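Visitor: Add chain B to chain A, keeping to what the hints say.
The chain contents come next:
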Amino acid sequence: MKLDDAPALEERSLYEVREKIYPRAVRGWFAASRWALVWATQLVFYGGAWLTWNDRQAVLFDIARSKFYLFGLVFWPQDVIYLTVLLIISALALFLFTAVAGRLWCGYACPQTVYTEIFLWIERVIEGDRNARMRLDKGEISANKILRKSAKHGIWLLLSLWTGITFVGYFTPIRELVSSTPGAWETFWALFYGFATYGNAGWMREQVCKYMCPYARFQSAMFDKDTLVITYDRARGEPRGKGAGKGDCVDCGICVQVCPTGIDIRDGLQYECIGCAACIDGCDQVMERVGRPLKLIRYATTHAMEGKRTRILRPRVLVYSAILGAITVALAASLWLRVPLKVDVIRDRAAIAREVDGGLIENVYRLQLMNTTEQARAFDINVTGLPGILVWGENITGVPAAETRMVPVRVRVDAATAPGSHPIEFTVRALGVQGVEVREGAVFIVR
Amino acid sequence: MSEFSSGFWDLYIALVTLVSIVACAVFLKSQSVRKVGAQSATTGHTWDEDLAEYNNPLPLWWSWMFYITIVFSLAYLVLYPGLGSWRGTLGWSQIGQLKEEQQQADKQFGPLYRKFAATEVEALLKSPEALAIGQKLFLNNCAQCHASDGAGSRGFPNLTAGAWQWGGDAKTIKATITDGRTGVMPPFGAALGEQDVKNVAQYVRSLSGLTADAIRVALGKEIYQKTCVACLGADGKGNPALGAPNLTDQNWLHGSAEPVIIETITKGRNSQMPAHKAVLDEAKIHLLTAYVLSLSK
Numbered sequence: 009m010k011l012d013d014a015p016a017l018e019e020r021s022l023y024e025v026r027e028k029i030y031p032r033a034v035r036g037w038f039a040a041s042r043w044a045l046v047w048a049t050q051l052v053f054y055g056g057a058w059l060t061w062n063d064r065q066a067v068l069f070d071i072a073r074s075k076f077y078l079f080g081l082v083f084w085p086q087d088v089i090y091l092t093v094l095l096i097i098s099a100l101a102l103f104l105f106t107a108v109a110g111r112l113w114c115g116y117a118c119p120q121t122v123y124t125e126i127f128l129w130i131e132r133v134i135e136g137d138r139n140a141r142m143r144l145d146k147g148e149i150s151a152n153k154i155l156r157k158s159a160k161h162g163i164w165l166l167l168s169l170w171t172g173i174t175f176v177g178y179f180t181p182i183r184e185l186v187s188s189t190p191g192a193w194e195t196f197w198a199l200f201y202g203f204a205t206y207g208n209a210g211w212m213r214e215q216v217c218k219y220m221c222p223y224a225r226f227q228s229a230m231f232d233k234d235t236l237v238i239t240y241d242r243a244r245g246e247p248r249g250k251g252a253g254k255g256d257c258v259d260c261g262i263c264v265q266v267c268p269t270g271i272d273i274r275d276g277l278q279y280e281c282i283g284c285a286a287c288i289d290g291c292d293q294v295m296e297r298v299g300r301p302l303k304l305i306r307y308a309t310t311h312a313m314e315g316k317r318t319r320i321l322r323p324r325v326l327v328y329s330a331i332l333g334a335i336t337v338a339l340a341a342s343l344w345l346r347v348p349l350k351v352d353v354i355r356d357r358a359a360i361a362r363e364v365d366g367g368l369i370e371n372v373y374r375l376q377l378m379n380t381t382e383q384a385r386a387f388d389i390n391v392t393g394l395p396g397i398l399v400w401g402e403n404i405t406g407v408p409a410a411e412t413r414m415v416p417v418r419v420r421v422d423a424a425t426a427p428g429s430h431p432i433e434f435t436v437r438a439l440g441v442q443g444v445e446v447r448e449g450a451v452f453i454v455r
Numbered sequence: 011m012s013e014f015s016s017g018f019w020d021l022y023i024a025l026v027t028l029v030s031i032v033a034c035a036v037f038l039k040s041q042s043v044r045k046v047g048a049q050s051a052t053t054g055h056t057w058d059e060d061l062a063e064y065n066n067p068l069p070l071w072w073s074w075m076f077y078i079t080i081v082f083s084l085a086y087l088v089l090y091p092g093l094g095s096w097r098g099t100l101g102w103s104q105i106g107q108l109k110e111e112q113q114q115a116d117k118q119f120g121p122l123y124r125k126f127a128a129t130e131v132e133a134l135l136k137s138p139e140a141l142a143i144g145q146k147l148f149l150n151n152c153a154q155c156h157a158s159d160g161a162g163s164r165g166f167p168n169l170t171a172g173a174w175q176w177g178g179d180a181k182t183i184k185a186t187i188t189d190g191r192t193g194v195m196p197p198f199g200a201a202l203g204e205q206d207v208k209n210v211a212q213y214v215r216s217l218s219g220l221t222a223d224a225i226r227v228a229l230g231k232e233i234y235q236k237t238c239v240a241c242l243g244a245d246g247k248g249n250p251a252l253g254a255p256n257l258t259d260q261n262w263l264h265g266s267a268e269p270v271i272i273e274t275i276t277k278g279r280n281s282q283m284p285a286h287k288a289v290l291d292e293a294k295i296h297l298l299t300a301y302v303l304s305l306s307k
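Same order as they appear, the protein sequences are chains A and B. Sequential numbering from 9 applies to the first sequence in my numbering. Sequential numbering from 11 applies to the second sequence in my numbering.
Keep in mind the hints are simulated off the structure, nothing from the lab. Treat the numbers as computed from the prediction; the structure is a model and nothing was measured. Every clue listed holds true.
Below are the DMTMM-like pairs computed for lysine to aspartate or glutamate, each with C-alpha atoms no more than 25 angstroms apart in a straight line:
1) A:K316 with A:D275
2) A:K350 with A:E433
3) B:K109 with A:E194
4) B:K136 with A:E411
5) A:K350 with B:E139
6) B:K136 with A:E402
7) B:K146 with A:E402
8) A:K218 with B:E63
9) A:K233 with B:E59
10) B:K146 with A:E448
11) B:K247 with A:D365
12) B:K117 with A:D70
13) A:K218 with B:D60
14) A:K233 with B:D60
15) B:K117 with A:E194
16) B:K208 with A:E363
17) B:K307 with A:E370
18) B:K146 with A:E411
19) B:K125 with A:E411
20) A:K28 with A:E148
21) B:K307 with A:D388
22) A:K75 with B:E139
23) B:K146 with A:D352
Computed from the model, here is a short list of chain A residues facing chain B with C-beta under 7 angstroms:
24) E24
25) V25
26) R26
27) R362
We put the beta carbon where it would ideally sit given N, CA and C, even for glycine.
If we strip away everything but chain B, and leave its shape as in the complex, we get:
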């Protein structure tokens, strides 16, 4: 910005401001006296045939009010920023006011949050007050993806089912909220080919007891044990350390229909839970952890 502003413009604006104020004072003074004919009590104009206006003088204090505004504006320009780059003797700034208000808010709400932050999550689960605050935080920060009831939608995990892709203890949930998560399912479409993808999909469906073609299940199982087992485990129960989901339960992040599973295997999935440490402080994340846990209890 420095190319566009120089000390000259500060002075220019300050000068325009001051000259305007002085001009106002001079104008007021010059307009306070008017030469009129001694006989005429009206302004001399006539409207609508017979409407005339009395030229009554205003009360003297009225003109003082004008001068007081001029004194006020000069005092204001000394105390507050407004005259070019002059910062004002009071040192007021918008940032300063924001900080002051934040301190005020911290003074008001800080002790409550600190009290909750020092309480174990297990204890918070029994505190309706803590959960009520947690719900408000959830509705404002999480419900956009996980829905107002926490049950999520396609691609966004259901937090009410007790099925935790990354682990369901308080510490892990807290880490998930704080730092976020990146869930990656690599694409296997090219490596396996269409038929094998279909076979694996049938096997995956069979793991949770969904209807599946027995022959394809047998063929798919073979491929699964070679290709998928590393992340999802031999029994298909997943691995919370990698964020690999449990394939044997009824929770499907992206859907359980065959075409959806085929799409997942072919193209892979890339899921993102954003980190919230920049948005929410520790006490709030602590309260959210308790609320999220309460959803599946």
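So that you can see chain A by itself, here it is in the shape it has in the complex:
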């Protein structure tokens, strides 16, 4: 079909100017839960940078020296597997939570939600609630308007700047950052992150979820008919309105006014819904006032709404839980059993084998010892795998705290050893510490 031939055509822009959303303040169990998570996440974020451990910042991602410090743990670039596993755990947790109860992450814990909540609170304290804000925006420019607007943006900017500084403080020690003139890159990233906070939480808000966030879109793939989603009970609510013969919904519109993405939950599940449950809190307040049963809008599964049985423990949930549990246990065990020493063995390539005094055959290796603890340690190097094999000369090496030493090691065997290559094994053991021992295989070549 050619569009030009169709009757009643209209020229329409592919773009539209965003209509600003003025979410109304809401109180209730779900709002309180969100605020609890705001406090929990932000205390960790703003406070965590200031904790000290072993005379250094407890949580520090030192990119220049390629060391990540996490309380007692020091991660080296070789430990990137832990980061990978952490990301896999995060992804699986997202899958699991979403399958069970929809966009829990979006509604309660996502930084976009959390910062928008904080910024909205500041906005509400200065400009008032929904109606006052709408009046203020529509009104003429006045001293009051300029004062309130500049106060709001001023506080937003200060908070954003502090957020940016805190963020950079996880990469450059935060005490150095605030006590001396910061470097060019630190300044850039603090301003960049601060600007992103201000822009996303102050101006972009729901648009980040609607147009930018990829998770928002693919989470719907994890929904099924047994997923708890925020649902309007159509059977109970309709027909809406006041008076006899009407349903429980009084059509007050509170659920729309409190919605941070500006949708009407009564139209059913929509991709814009971030699952914040503000409409549940809002509706419950109204239901209480008009003396009707609560939970006209509630967390419910599609099956429950259709009057069918809901199965929380379905294969999808069990499989996600099993994998998540297994990987989490594996990560914890691996961290617990982690040996704070890494050894690389590099065999000298130019000199295959040399004959030395006393009719012995010698091979030379370079051992790279990485002491991943924060104490200086001495290591003892031994070798096994051939009769009479031994490390020639000094076999004890000191390595300073969190440093690497390259140690040339001579290994000798009896000349009677059969020609060819033989597998051998180095054992590097920390002196005076139990259980710090690494075994690393190598090859010994005779002629």
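Guide: Quick look at chain B alone, frame taken from chain A:
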């Protein structure tokens, strides 16, 4: 290269780039409006029986981002090289950036190296810090031939034994690293003949106390005193000025077995220590000298 490039291609590429950018802008503008039926809220396509897509408009700022990228690309092409042979008003170049980074590195590490360069080798031998840097330099530049422990292998001198073919004082070692060495043992196979080569080989073995045939030793000594003495000396102690090795100690660059010595005498040897002045600066060679000396201490 000048045959293959002319001013024309610069202009051609610049034109293609600019036309593409302008075309992008025109395309964006032309695509921002679409005629649709007033009633239809969907794109009109249906997939999998009942899946339809809403034709929701994008936010206006989204289209600004497209235009901002166009402005950005034009600004970039003014500031940086990219448009034909235009060098950009900032004067940035890869070489310039490399030089800047080298200066940065020199600012960071320069003082440390200069401090070491101004210190006597004897003093460096007592500085663990200097020797640690020396070891890193050695492992990166020398260990390929001399092995990680400095003990060398066949044909590559052992630096840990205190036996120095060219002299073992700091100045000589430094000269060896800086300018390299060429060690030549001329071939004598044709001049001496098989039997005499064998006799000399037996004599050479006897010099360092290795088992040797007494008769051949006596015969070999005679030939040695005529033929080899000029370089290796009457007592076989060698001559560091020529790089002639000491035959009386237990250090054998190529091996002490009879066939190996016979091969050395018959065919001669040509050994090369490459010069490192082009690879390493003076301060690094100074540190390496100290480290190499420390190997035999």
